[in-house]
Amino acid sequence: MTDLHLHRYGPSGPTQVLAIHGLTGHGQRWQTMATRHLAEITVAAPDLLGHGRSTWAAPWTIDANVAALAELLDAPAVVAGHSFGGAVALALAASRPDLVSALVLLDPAVGLDGGWMRDIADDMLASPDYTDRAEARAEKAYGSWADVDEDELDRELDEHLVDQPNGRVGWRISIPAMMSYWSELARPITLPPSTIPVTLIRANRTSPPYVTDELVARLGSERDFTLLEFDCDHMVAQALPVETAAVIGKALG
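In UniProt numbering, the protein residues as written are 1 to 253.
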């Protein structure tokens, strides 16, 4: 049993790819890439704790998510993690290397500056919702989703934007959980065993960048490590699903 709501794509059978979304996201974000470009692969894409249709009960930590994700796997899988999901993927590989055959990190947010995370958390706490769908859409369309197809953005809003008790709309997330998770992103970098190959995709339009030089240097030391530069903003799998699926397919061998 698990507290995670799970989206599954592809044929039945053991999970081949565990796809972990980023902070404020949900597992259905992987649907287009999985169904159109990895159709022969079994993909498990959960909503993380405090997100989407999973439980919103505390604790809200990377470690709690790692424990819940480990229950979804009974054999090694390629683990793909986006942003905060990259930090979770690294922690999963460090604590349960028997469940991770390879890591694909999509513009991971790991070991970030604590002052920066405080500012982001303050901004979210001060303005956690929107007047209407148009305002929510505009924030994404003129932000990190600027290079994502409009249909994909509409699917995001259909799944993830919900009415709030105050008459406004907001994402299907626990705001208290998000406050905890911004702090978690300031944790020290966790490295997996050197036996686990890692591919890191850095989105070169993300500003300020999430991928630090320290992360690249430490992951690239004494392991099978590949650094790729994608010409996109932060939403890598949504902006470039074909290219992202190819990287995951290569990790599958």
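Fair warning: there could be bad hints in the mix.
[Claimed, not checked] Pair by pair, the computed Cβ-Cβ distance ranges are: (1) Asp119 - Ala39: 22 to 32 angstroms; (2) Asp123 - Asn166: 16 to 26 angstroms; (3) Arg53 - Asp132: 33 to 43 angstroms; (4) Ser194 - Asp132: 46 to 56 angstroms; (5) Leu228 - Arg36: 32 to 42 angstroms; (6) Arg218 - Trp116: 17 to 27 angstroms; (7) Leu252 - Ser221: 18 to 28 angstroms; (8) Pro97 - Arg168: 10 to 20 angstroms; (9) Arg187 - Ala75: 37 to 47 angstroms; (10) Ile120 - Gly220: 20 to 30 angstroms; (11) Arg53 - Glu139: 32 to 42 angstroms.
Keep in mind that the hints were calculated from the coordinates and are not lab data.
Built from N, CA and C at the ideal position, the CB exists for glycine as well.
Now for the hints, and whether the structure bears them out:
no.	hint	verdict
1	Asp119 - Ala39: 22 to 32 angstroms	violated (41 angstroms)
2	Asp123 - Asn166: 16 to 26 angstroms	holds (18 angstroms)
3	Arg53 - Asp132: 33 to 43 angstroms	violated (23 angstroms)
4	Ser194 - Asp132: 46 to 56 angstroms	holds (50 angstroms)
5	Leu228 - Arg36: 32 to 42 angstroms	violated (21 angstroms)
6	Arg218 - Trp116: 17 to 27 angstroms	holds (19 angstroms)
7	Leu252 - Ser221: 18 to 28 angstroms	holds (24 angstroms)
8	Pro97 - Arg168: 10 to 20 angstroms	violated (44 angstroms)
9	Arg187 - Ala75: 37 to 47 angstroms	violated (28 angstroms)
10	Ile120 - Gly220: 20 to 30 angstroms	holds (27 angstroms)
11	Arg53 - Glu139: 32 to 42 angstroms	violated (22 angstroms)
In summary, the numbered hints that this structure violates are 1, 3, 5, 8, 9, 11.
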